[in-house]
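The residues making up each chain are set out below.
There are 2 protein chains.
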Amino acid sequence: MEFKVLSTCGEARYGKLKGTHGETETPCFMPVGTLGAVKGVTWKNVKEMGYSLVLSNVYHLYLRPGLEVIEEAGGIHSFTGWKDLILTDSGGFQVFSLGSLMKLTEEGVEFCSHLDGSKHFFTPEFVIEFEERIGVDIGMVLDECTPYPATYDYAKHSMERTLRWAKRSIEARTTDRTALFGIVQGGVYEDLRLKCVEEITRLPFEGFAIGGLSVGEPKEEMYRITRLVAPNLPSDKPRYLMGVGTPEDILEAVEAGVDMFDCVMPTRNARNGTLFTSYGKVNIKAAKYKKDFTPLDPNCDCYTCRNFTKAYLRHLYVSREVNSVILNTIHNLHFYAKLMEGIREAIKEGRFAQFKEEFLRKFRGEGS
Amino acid sequence: MEFKVLSTCGEARYGKLKGTHGETETPCFMPVGTLGAVKGVTWKNVKEMGYSLVLSNVYHLYLRPGLEVIEEAGGIHSFTGWKDLILTDSGGFQVFSLGSLMKLTEEGVEFCSHLDGSKHFFTPEFVIEFEERIGVDIGMVLDECTPYPATYDYAKHSMERTLRWAKRSIEARTTDRTALFGIVQGGVYEDLRLKCVEEITRLPFEGFAIGGLSVGEPKEEMYRITRLVAPNLPSDKPRYLMGVGTPEDILEAVEAGVDMFDCVMPTRNARNGTLFTSYGKVNIKAAKYKKDFTPLDPNCDCYTCRNFTKAYLRHLYVSREVNSVILNTIHNLHFYAKLMEGIREAIKEGRFAQFKEEFLRKFRGEGS
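Listed in order, the protein sequences are those of chains A and B. Numbering that gives the first Met the number 0 puts the first residue of the first sequence at 0, with every later residue one more than the last. Numbering that gives the first Met the number 0 puts the first residue of the second sequence at 0, with every later residue one more than the last.
Among the hints, a few may not be true.
One copy or any two copies: either way a pair holds, since identical chains are not told apart in the list.
What the hints assert, rightly or not - Here are the simulated DSS-like cross-link-like pairs (lysine-lysine), alpha carbons at most 25 Å apart as the crow flies:
1. K337 - K236
2. K43 - K337
3. K166 - K289
4. K284 - K43
5. K43 - K17
6. K82 - K43
7. K337 - K82
8. K194 - K218
The hints are simulated quantities; they were obtained by calculation from the structure and are not laboratory data.
Model the full structure from these sequences, guided by the hints.
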């Protein structure tokens, strides 16, 4: 993997990331394709919107369709038909979300499948092996995702285990065709976060992620930790804020020097009828749109906005038509793609702060 | 509306149908867009497959989004964003499917909404008014859809009412921008069918449909009645076999002189994981496809077959991903489009019987 920062604007960075299967400009947003598909849109749609890096998930792919199927298909790219970059989250977040269905030891984590209750065991080494064998461009290490709230002691031990697992992950690597990112934990405790940064950046990872945020903490906490951690990560490596977020969150984090994002928000919200527009969020099922024959966002040139009205989108949503999912997802992912494009242009042109302010003023102004 | 038969091959006809919003070659298959959307595909997909005529449904559109919304949008084309031909079924079939929630009188039919139980009343005149006001290209009259089985007397009275309603429908017309098709009923009784043909073809309809088939009767009954009725309908007007059907059914009916078809089969089957291929039907959830890394149909050039394997389609289906619906529907509708294209070419080239035989030999040969 290669990564180059090409321009900066304050802490905000514009760059290019090149992996085994393609390249992307940064800051970038990764559409979430948990099971090897971005729900509601075809790869053709995803690519046409300008995305060349998507996220998938080891935990989910391990359960379905399983390592054997993906490997025999020739890897995750052959299996899914997505020809560009793929990053996989380790599944740590999913496993730790299982609560009582999960048992943590120093060796790894035992968990029961959310599908059939069957028992499985993930070690840091297994996650690396899985990611390398399915041939992702970027793999994330298995970490212990500290929940919120957590006591100082809990967060400390959890961060220390994450560090020990990070070392084991590095030792388990067998190829550089799959780049590997380390993850910074430490909860909302600044000294723990800085300690983790100090230790983990000694390891030869190709990039670093900020984990354990967007797990229920107040926004200010997320911003505070991001602003603390991001600038302390190596400037020549990509920085990835996991599971984030809203357009506001992304703008805040870019300002702190983050390069990569992923979030289910544009796709999940699309399915729930919540649409992002330049003038704020729109709840398309609202009765006021029943006879609103204007486009969702007149400033948007996506397929949905060019061809359909709010009234039609509302009709599809309230009628529970699958086409509601399709058209809403096309729009929301297009919106995120354009947001990231705007961010990159603004950084290149040295006007990121102004871009952020203008975007937010409009976005917060007329929401519904 | 204009219709011209341009070639024949036995009873089979190749023709062109021109309506207010476009034209289509016949024999044609109409994808079903009950609520103003073909479930699982965008209009762009539908158009790219070669379809220029889709079917929608008065009963469903009347309930959601309702006449007022569609009319204020400027009609069904403006509302849905589909720019080509639209035919609406009257909803008679849906209403009669409601059973005890429906009360039939000479004046019309009272029914309770399947959505909220609210009471409504359809008359033949109201259906025409609805179709004209939403601006469909072809409207179907309200008929009494005779169920199967039905006694001779029931079928006779039902057919006679359909004729009386057909006359009222003709009298209710106010524009020729919406063409109107009459419907032949009469159950499986040949004399009733012929009587209905004789009477209804005296009325100035732009086309005629064969109704009351594909309602549970044996295939041979459907074919027998189709072969009896179709050739007795006026040769200069389009003939439409409602709610049909499988590829076999369509080939049989084209051979009998039918020009138009509609059926939920390609779209509904897609959602259920049943896919049409040149070598028969494929149940994509079958375990044997788990590691089948070949395309669904190597003879198919649809987006799904060009880019994905059976193993991936199976994975999406068993994981209940919405993308399963999308990719399966793209394939099945593409398959039907290609079938109709093949049929039209064969008729033009005077080799329909041969086409039918070859298609069926292959289709029946290796199904799963």
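Practice problem: Identify every previously stated hint that the structure contradicts and give their numbers, smallest first. | Solution: Structure breaks hint 3 only.
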